[in-house]
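Colleague: Sequence:
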Amino acid sequence: MTVEVSPEQTQMVESAVKGEEPVKLEETAAEEKKAEVSDGKYPSSDHSSAVVERSPSFKEESNFLSDLKESERRALFELQSKLEEAIAEGNLLKKDSKETDEDFSIWGVPLLPSKGGKSTDVVLLKFLRAREFKVKDAFDMLKNTLRWRKENKVDSILDEEDIRDEFGKAGFINGLDREGHPVCYNVLGVFQDAEMSRIVFGSDEGRKKFLRSRVQLMEQGIKELDMRPGEVSSLLHITDLKDVIGLSKKEVRDTIKQAVHLLQDNYPEFVAKNVIINAPFWYYALNAILSPFLTQRTKSKFVVVRPAKVTETLLKYISPEAIPTQYGGLKRENDNEFSMEEGRVLELTVKAASVGTIEIPALETGTTLLWDFVVLGWEVNYTAEFVPSDEGSYTIIVQKGKRIASQEEPIRNSFRNNEPGKVILTIENSTLKKKRVFYRYKVISA
0 MTVEVSPEQT
10 QMVESAVKGE
20 EPVKLEETAA
30 EEKKAEVSDG
40 KYPSSDHSSA
50 VVERSPSFKE
60 ESNFLSDLKE
70 SERRALFELQ
80 SKLEEAIAEG
90 NLLKKDSKET
100 DEDFSIWGVP
110 LLPSKGGKST
120 DVVLLKFLRA
130 REFKVKDAFD
140 MLKNTLRWRK
150 ENKVDSILDE
160 EDIRDEFGKA
170 GFINGLDREG
180 HPVCYNVLGV
190 FQDAEMSRIV
200 FGSDEGRKKF
210 LRSRVQLMEQ
220 GIKELDMRPG
230 EVSSLLHITD
240 LKDVIGLSKK
250 EVRDTIKQAV
260 HLLQDNYPEF
270 VAKNVIINAP
280 FWYYALNAIL
290 SPFLTQRTKS
300 KFVVVRPAKV
310 TETLLKYISP
320 EAIPTQYGGL
330 KRENDNEFSM
340 EEGRVLELTV
350 KAASVGTIEI
360 PALETGTTLL
370 WDFVVLGWEV
380 NYTAEFVPSD
390 EGSYTIIVQK
400 GKRIASQEEP
410 IRNSFRNNEP
420 GKVILTIENS
430 TLKKKRVFYR
440 YKVISA
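Position 68 of the sequence shown, counting from 1, maps to 67 under numbering that gives the first Met the number 0, and the rest follow consecutively.
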């Protein structure tokens, strides 16, 4: 089947959002039902359309006072009162600590309720939700966090370039998800090297630096958030366990447990979802160890994905043009050919044992046609040819038939035309499963 796509069709279709659904700590297996957009010209079972994904919703809970339950509003007012009193009496921090105005703020948000604003309420609600709106527990958690931050000089941690240089490949912020959450990637497989592992986990100093790097990464992500009511105030975490060291070393297990405690105790409600990808068999043993230390609320935010389902699962949360190429998306580092504004992606479904085609029109002479595509699961044959509008001209083979059994990078190619016509991309699916093709293109005038 041939699909003609006009430039206007490249407009992304907004994703519909489901209601809130609890997500258990279990392997993602079943596909979410997808909304399909028909162009009215081709059957809905096999057509090209703007990408539509219905992701499991993880919309943040409302921080508007009007949306809170009466008991939640009372808890917020009570916490405000306790905080105001503690600051006035000078006992918010340890008695031997000299308190300053900076001590009464966190993540750039003033904590003194009488001097704060709506952002202050958003921060306080994070602590309350982390402690199920138990005011004393939330107050103790906030007080302990403030003391921990002061003792460990967390407010200046973003200035520590040596930590970023040493651990930058193990954790970084890259783009936004479909709902605007900054995406934080934790790539623990970088420690698979025996020497690297020994340096990081083999000494107290190495382990402390590793833990500090995790804190720095959280602070970096939080800097991109907006603490006002109704804005995005949490992150999407992707934790990649490919090639990661197993549980054979006690120091590795202990360090991971420390990191879990550190982040859970001092960064309440800052992770909207934690998607564990490329989970090896031993991860489930690790989960059994860590599970007793996690709150039920924290557990509900985990999604664990086996290697074969990584791209499919990430697409539920992140658009294909924002997923890095190593995870099956179209986002390349320092891409100077497709910007995010130009990166709107279309989707073509190719049925089992059938062929799908994509046509890129070249109406003017001397234009450059650039295209980019990735196939979910690959295992397809790919060809590309330029077909002139003049029936007397010859078809030009741009790409000979190529079998793609396993592809880590998307296919990108270009063609410059000397006469009007079109480039036809052909994707042959000889498997017994349908294939989803995500693609984009642009026509650059001479």
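Incorrect hints may appear among the rest.
Said to hold, decoys possible - Result set (PhoX-like, lysine-lysine): computed pairs, CA atoms no more than 20 angstroms apart in a straight line:
id, residue 1, residue 2
1, Lys241, Lys117
2, Lys135, Lys81
3, Lys114, Lys81
4, Lys222, Lys256
5, Lys222, Lys149
6, Lys81, Lys168
7, Lys441, Lys421
To be verified - Label-pair restraints from in silico Cβ distances:
id, residue 1, residue 2, range
8, Ile198, Leu362, 52 to 60 angstroms
9, Pro306, Asp203, 30 to 38 angstroms
10, Tyr283, Asp203, 53 to 61 angstroms
These aren't lab readings, by the way, just hints derived from the structure by calculation. In this text, a Cβ means the ideal position worked out from N, Cα and C, and glycines have one as well.
Colleague: If a hint holds in the structure, say so; if it doesn't, say that too.
Modeller: Against the structure, the hints come out as follows:
Restraint check for lysine 241 and lysine 117: the C-alpha separation of about 41 angstroms exceeds 20 angstroms, so the hint is violated. Annotation: proposed proximity of lysine 135 to lysine 81 holds, straight-line Cα distance about 9 angstroms (limit 20 angstroms). Pair hint lysine 114 plus lysine 81 holds up; C-alpha atoms about 15 angstroms apart against a cutoff of 20 angstroms. Taking the CA atoms of lysine 222 and lysine 256, the gap is near 25 angstroms; set against the 20 angstroms cutoff, the hint is violated.
Straight-line distance between C-alpha atoms of lysine 222 and lysine 149 comes to about 18 angstroms, which keeps the hinted pair within the 20 angstroms bound. A C-alpha spacing of about 42 angstroms is found between lysine 81 and lysine 168, which places the hinted pair above 20 angstroms, so the restraint is violated. For a cut-off of 20 angstroms, the pair hint linking lysine 441 to lysine 421 stands: about 12 angstroms separates their Cα positions. Taking 52 to 60 angstroms as the suggested C-beta distance range, the pair isoleucine 198 and leucine 362 conforms, at roughly 58 angstroms.
Between proline 306 and aspartate 203 the beta carbon distance is about 34 angstroms. The supplied range of 30 to 38 angstroms therefore holds. With their beta carbons about 29 angstroms apart, tyrosine 283 and aspartate 203 fall outside the hinted range of 53 to 61 angstroms.
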